[in-house]
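Using the sequences plus the hints, can you model the full thing?
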Amino acid sequence: MKEMEMRQVYAQTILELSRKDQRVVALEADLSSSMSTNQLKEEMKDRYINVGIMEAEQVGAAAGLAVTGFIPFIHTFAPFASRRVFDQVFISLGYAQKHAIIVGSDAGVTAEMNGGTHMPFEDVALMRAIPKNHVYDVSDPYEFKAVLEHCYQAPGLHYIRTIRKQATSLYDAQTNFSEGVITVREGTDTTIFATGIMVAEALAAAEILEEQGISVKVIDAFRVKPLNAAAVVQAAKMGPIVTAENHNVIGGLGSAVAEITAEQYPTKLARIGVKEQFGQVGKADYLMEVYQLTCQDIVDAVKRVLN
Amino acid sequence: MDLQHFAKQIRYYTLKELNHLGFGHYGGSLSLVETLAVLYGAEMNASPAKRTDPDRDYFVLSKGHAGPALYATLFLKGYFDEDFLYSLNQNGTNLPSHPDCNKTPGVDMTTGSLGQGISAATGIAKGNKILGKSNYTFAVVGDGELNEGQCWEAFQFAAHHQLDHLVVLIDDNKKQLDGYTSEISEPFDFVEKMTAFGFNSWRIPGNDIEAIQAAIQKAKSLSGKPVAIVLDTIKGYGVPYVAEMKDNHHIRPNAQGVQALKDAVTTLGHELGLGGNE
Ligand SMILES: Cc1ncc(C[n+]2csc(CCOP(=O)(O)OP(=O)(O)O)c2C)c(N)n1
Ligand SMILES: [Mg+2]
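Keeping their order, the protein sequence lines are chains A and B. Numbering-wise (this note's numbering), the first sequence opens with residue 11 and increments by one. Numbering-wise (this note's numbering), the second sequence opens with residue 191 and increments by one.
Note that these hints are calculated values from the structure, not bench results. Only true hints are included.
Pairs of lysine-lysine, DSBU-like flavour, derived with a Cα cap of 35 Å:
no.	chain 1	residue 1	chain 2	residue 2
1	A	Lys51	B	Lys436
2	B	Lys436	B	Lys293
3	B	Lys436	A	Lys30
4	B	Lys383	A	Lys55
5	A	Lys285	A	Lys247
6	A	Lys293	A	Lys51
7	A	Lys285	A	Lys313
8	B	Lys452	B	Lys198
9	A	Lys293	B	Lys293
10	B	Lys364	B	Lys383
11	B	Lys383	A	Lys51
12	B	Lys436	A	Lys293
13	B	Lys364	A	Lys175
Cβ-Cβ distance ranges computed for the label pairs, FRET-style:
no.	chain 1	residue 1	chain 2	residue 2	range
14	B	Leu464	A	Glu221	49 to 59 Å
15	B	Glu400	A	Ile260	48 to 58 Å
16	A	Glu286	B	Gly414	39 to 49 Å
17	B	Asn281	A	Ser179	25 to 35 Å
18	B	His210	A	Ala239	48 to 58 Å
19	B	Gly463	A	Ala214	49 to 59 Å
20	B	Asp453	A	Gln176	31 to 41 Å
In silico contact screen, one side only, chain B against chain A (beta carbon under 7 Å); selected entries:
no.	residue
21	Asn279
22	Gly334
23	Asn337
24	Glu338
25	Leu367
26	Ser375
Cβ coordinates follow ideal geometry from the N, Cα and C atoms, glycine included.
Structure representation (structure tokens):
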């Protein structure tokens, strides 16, 4: 499974869940071929619904399906699953307290050639602002699958952002995802909290820093809300903190960590993320340089907070 | 201007531009070529010199993913040079997949999030009406794009405000991203719907230059209501390899496809008397 693209993980997990539970419905908005879910129609029949290019209707109808006892999985590109339909998500799913799972794909710079209109740097921020919403930014196929299965079981609203294609492999079938954070590397001088594609960057940064005599702990904080506060406080007690996200520094992981440290255990902190910029077309590696999301940027940030 | 020739040039450069990148929205770009030829070749008051002239006609490509066809047209009109055209989607480019009014000369409004451009077009038409101007606003929407509820809000606004200098062009190529529009969300009859929404509306052969030109001239002669011309088009028109492909929304060709798309450029090049194809 570690070879599987994230979109295949999504399609397969939905199929498995739908086989054992007739309440599972999958909703698409004319991006099913991009997510490999077009194959689900054959087996899921009328529990697979491609509404067309109607994201507002997709969310509203999902809320109605939840009223009649179904468990909707809603997928479209992350900008459309969040900023395009924020009020529909807020009211019909959040405020109305429905059990639903929203999956936003093409996280951040991985929207690549689709450019600024399609590049979400604010979806986590928006989704975090909805009371009782759960927000995840996943990094690995096993993690994505575990989160999907968890969201299926746990009542309430869930937002998961993911890339669509191949993710770095970090975990296996034995990994325990229940704490919402995973320590992917131990260290003693400082802690990097990272999400999604930035976990791999943080690990690369830690390697570079180790050669320079700096010991870095790396935590994959895939459950951004509720964030594991104990893990953050523990890190703050050890030393300064760096956060790294493929997202705006406003309202995302960096903000979530800063909110906890500021109130519970103030410590030096640096946030790696997109700063006051819109998206644009380009290859992901190029965009990571433009938005200063590379492992070298993380290395520099660690040195800054340690000084 | 010889509009047949202009359309062929637009198709030729649209293909060259997309082939240079290697992948992209071929289908929805190609279905629109004749419409762009009529607008920019004859019916629209727009040119590089009038780029910021408030009295020019405005154009909004609401189905923004067809940007490559618009860019080929703007290049041919002299808004920018050929090298700029081949910067499509390159790192750091000012020519992104979806039109950006802050980056590309000649683009009046940023689009790409479907359903939003058409609303902006109604605002442009309303703004010009308030200002007492008689210029036109042309907006192209996709048949799939018309799934979006926002389009129908825009139409209600346009009809209520009697925006008779707004001409909506519906690229009815029968397909959207995941397949046939009728299988995903039955559109019923666009002409009947638009008429019920308070528009003057009729259907024409949408890849037929003379029919498009006659329709736009007729639109200009009507008053009191906005106009919606339903263009009966073929997705991928003019390039058999693309037109005959089932999933032709976004194409990432294999080696054989690359050759077929290259050959299409060569064929068009010969027809245009351009000889070789680099
Ligand atoms: C709000 C929004 N949702 C989804 C998309 C992704 N998308 C891009 S093009 C497209 C299909 C458009 O179909 P249509 O309007 O018929 O265009 P055409 O056939 O002319 O290419 C989709 C779903 C988008 N760009 N914007
Ligand atoms: Mg279409």
